[in-house]
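So the protein lines, in turn, are chains A and B.
Under the numbering used here, the first residue of the first sequence carries the number 1, and numbering increases by one thereafter.
Under the numbering used here, the first residue of the second sequence carries the number 1001, and numbering increases by one thereafter.
Don't read these hints as lab results, they were simulated from the structure.
Here the structure is a predicted model, which means the values were calculated and not measured.
Idealized CB from N, CA, C, for every residue including glycine.
It cannot be assumed that every hint is accurate.
Pairwise CB distance ranges, derived in the manner of DEER restraints [stated by the list, open to error]:
1) B:ARG1054 with A:GLN61: 54 to 64 Å
2) A:ALA123 with B:ASN1224: 14 to 24 Å
3) B:LEU1021 with A:LEU196: 52 to 62 Å
4) A:ARG89 with B:LEU1093: 40 to 50 Å
5) B:PHE1216 with A:LEU189: 30 to 40 Å
6) B:GLY1198 with A:LEU196: 18 to 28 Å
7) B:GLY1198 with A:ALA3: 43 to 53 Å
8) B:GLY1194 with A:ALA2: 20 to 30 Å
9) B:VAL1044 with A:ASN212: 57 to 67 Å
10) A:GLY93 with B:LYS1015: 36 to 46 Å
11) B:PRO1220 with A:GLN61: 37 to 47 Å
12) A:VAL188 with B:ALA1014: 30 to 40 Å
13) B:GLY1046 with A:TRP96: 23 to 33 Å
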Amino acid sequence: MAAVIWAAFHWAPLAAGFKGESSRILFFHVPMAWVSFVAFMTAGVQSARYLFGSRTPQDAQLDRSAAAAVEIGLVFATLATVTGAIWARIMWGSYWNWDPRQSGIVVVLLYYAAYEALRQAIADEEVRARLSAAYGVLGLVVSPFLYFVLPRLGFSLHPEPVINAQGKMEVEARMLTVLLASSSGFTVLFYWMHSLRCRLGAIAARRLEEEN
Amino acid sequence: MSSNWAAEAAAVFAKDWRCELRTRHAVATLALFAVTTLVVASLVLGPVGNEPARAAQIVPVLVWLILLFAAASGLPRAFVHEEESRTAIALRLAGRPSAVFAGKLAHVVTLVAALEAIVAPLAVVLFDLRVADGFAFAAALGAGGLAIAAATTLLPAIVAQGRGASTLFAVIALPVLLPALALAVAASRAALVGIAGGDELTLLLLYDGAVVVAGFLLFPAIWNP
């Protein structure tokens, strides 16, 4: 990660058509958006495993894993929104432009914030796990519309995603190297944070059990 | 199994309509809410239909927001009421989860269609709209209505088992419905001005299919404690 940060500022060239050094934010903004996607998909898959898998004592672990993925996903989605807004201020002149892609990520944020609200509203552990898992799986169904369909409605100023609709890569080789390294680094960071959060959740659950 | 299943679903559908006709909750609140909001909007805006481009910008957004809020304010009550009056247990015993879901969904679909049958013609009259492609407009209403109905059948079943059901419903339903609403507005807008809006309609139907299938898959897990 340290190498990626150094490379992002010193090794990778600047992108053409971007103001000043603003294109460097790309090496953090894109991986953050990517990790939020990975996190929410992980939450959806763990929720599906909880709902449709056979009942085992490890079920509570799956529930904690889905909840942890959503929590971390929310952090990364917020960071992606903030870095995107900073970049938009430099390039487009204002932090918020209601660009379809900006709106898309805000709705994703709202969806998973609602997931957290749902968890808070249910006291019983088993009921909470079951209902939030159902909402998590519904996220798998709805989020493709939020990530891919909503941004297509209306004209977007947002630069083409790295791999665009024509399947062409339009990035200079050194930039692509840093971008891919950064994305992998952030993905590993996500799984590390996720495993820490899950272990913490397991310890808290065990303590609660011992107290009762 | 199929005839039994259909009979169970039909029984749930008939029961819900019978309850509805006894209390006239939907008729009294949903329709009146929709009509009142529409009248207020038309008073303020006036006959925007004189300027088709402006009307196409404003009216679909208003109509879909009114439909959404009318549906969100009244429809979730069905499941919440079942839990509160403890009839949910009887319903769990009486039918298979998928049949209960199908019956409830059919009930909500007919309610939303009835609501649209009041709101859409009234909007055309009050705003003095000229609909360029009536068939596409009706298709957009149908597909958007199905999306609202599917979400307002599945999600109340989730919130009914939590605290503060009605507030929670708004929080969890709006992000689910937002893509459908954006697509429905785009499709109705295209129908109003008469340009091809096939893409939006196809995507909306895809959304409907995805949420209905997800409903049938998820409902048994939500419904059975």
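Problem set entry | Hints violated by the structure (listed by number, smallest first) | 4, 6, 8, 10, 11, 12
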